[in-house]
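Protein chains: 2
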Amino acid sequence: MNAEGAAADGAVTAAVLVIGDEILSGRTRDTNSGTIAARLTELGIDLLEIRVVPDDMDRIVGAVNELRARHTYLFTTGGIGPTHDDITADAIAAAFGVTIDIDERARAILSTHYARPEDLTPARLRMARIPAGADLIDNPVSKAPGFRLGNVHVMAGVPKIMEAMLEAITPTLTTGRVIVSETIDCPFGEGWIAEPLGAIQALHPDVTIGSYPRFSAAGFSTRLVVRSRDGDALARAAAAVRAMLAQVAGARGVAAPDHTDII
Amino acid sequence: MNAEGAAADGAVTAAVLVIGDEILSGRTRDTNSGTIAARLTELGIDLLEIRVVPDDMDRIVGAVNELRARHTYLFTTGGIGPTHDDITADAIAAAFGVTIDIDERARAILSTHYARPEDLTPARLRMARIPAGADLIDNPVSKAPGFRLGNVHVMAGVPKIMEAMLEAITPTLTTGRVIVSETIDCPFGEGWIAEPLGAIQALHPDVTIGSYPRFSAAGFSTRLVVRSRDGDALARAAAAVRAMLAQVAGARGVAAPDHTDII
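Chains A and B are the protein sequences, given in the same order.
With full-length UniProt numbering, the residue at position 57 of the first sequence is 57, and numbering never jumps.
With full-length UniProt numbering, the residue at position 254 of the second sequence is 254, and numbering never jumps.
Treat the hints with caution; some may be incorrect.
Which copy? The list can't say, so a pair holds if one copy fits it or any two copies do.
[What the hints assert, rightly or not] Distance condition first, Cα-Cα at most 25 Å in a straight line; then the derived SDA-like pairs of lysine to any residue: (1) K160 with G34; (2) K160 with R29; (3) K143 with G250; (4) K143 with K160; (5) K143 with R223; (6) K160 with V98.
Bear in mind the hints are in silico, worked out from the structure with no lab data behind them.
Source: prediction; values computed, not measured.
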């Protein structure tokens, strides 16, 4: 790990920490982690873990300290609003062992937004509480900023605001070599192709071949995804997969399988 | 913690471990964890953590051992199919330090499913590899079973199969006292109500009041969720929240706020 936490092989890695009781109760479906995942893939940053924890100080602090030590970047979502259950900023300060107080830059942003001074209530001012040493992350939607402290980016939980904050920080991130991928839809269930597919994976160590079964009323099919940071290796492996699929179909004397109701 | 891992206060807790590169790349959106979360809430089981890890032996083993020690139950999804990237069963065996081999019960299930002996290929037989000492979990969709070992329930990643397995194991789970909740839609942004809401939370320690901001073209609103295992405490706190909302609206001389474009 270098000073920025990058892995020795140059890979840029990341974790996402989703903070909020409402996700764990099943009341709200988390979409932020999938949004961040897709963006990081575009940037060549390897997302290696997603965690969801409740609005609980000890659990947030523990997860933040574990994940920020392990990865180049940690991205958090949720818990930075004005209500009593918004404790993320305080948890980040505790995790880093720094103080937290009203930040004058953040107060100025909120003062401009809330035109009447009486509207900048103590509760709203809580959204200006920023750990010492943090940089602010712009929030074009509702103004109350996120922040970056060390390698931790703290963003809102409301998806539209989170997406705007992610846009704002993207240019500041160290990117990795982008993984290129090729998706090959296979009309057979996994059981038809698992053996030759495993053999292709063994012969092409520079690619990762993922096999994702799908189930619908028509039966099973499989989506194969070949991924690599090396475009030539990707092309060779993808060609091998296509040839294998044609061979499996031909050996069975079918253009498509005659029964796809089994894996 | 008792032998089953339940917390000393009688609460039944759980974690979910989602296994799969495709979630971390953003290619596939995980819906299984939300499905499990909602079901556990109905059962009075407190879901305290969700993690997503890649198809990597060390990372799966590490997460399994950490989470199964910490919670009454651990539920995993993904990685139990026939292809080379399906390593969950081996990882569970490694985590528990037990052997893994073809399970005769699982082989019998697959033998019945694949009518022609030549269709039960070595790849498909991989789906009968079950760690020693595990109980099988029925899979009415595609037959290849999941399994339970200790407090760990290992389920498929395909949502329809996972849901069927979850149905199958639900009657076997120790349930907790169900949390009841009341949802109160608030037409104001959080900043309008954060202070009195925090005061209500402080006065009602037996309930948890969650505040979830929403943003749409019409501006901000807030969904308030009062939760408790005590129905009377819930009713008292919810009444206090409703009275507060009426009071906030009245004090501002509006039935609904005149500007909801701010938090």
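Hints, verified against the model:
1. Within a single copy, K160 and G34 get their C-alpha atoms as close as 14 Å, and across copies as close as 20 Å, so both meet the 25 Å cut-off.
2. Proximity of K160 to R29 under the C-alpha cut-off of 25 Å is found in both arrangements, the shortest distances being 14 Å within a copy and 18 Å between copies.
3. In the homo-oligomer, the alpha carbons of K143 and G250 never lie at most 25 Å apart, since the shortest distance is 61 Å inside one protomer and 27 Å across protomers.
4. In this assembly of identical chains, K143 and K160 lie within 25 Å of each other by CA distance solely inside one copy; the values are 12 Å within and 41 Å between copies.
5. Proximity of K143 and R223 under a CA criterion of 25 Å is satisfied inter-copy only: 20 Å between copies versus 42 Å inside one chain copy.
6. Proximity of K160 and V98 under a CA criterion of 25 Å is satisfied in neither setting, with 29 Å inside one chain copy and 47 Å between copies.
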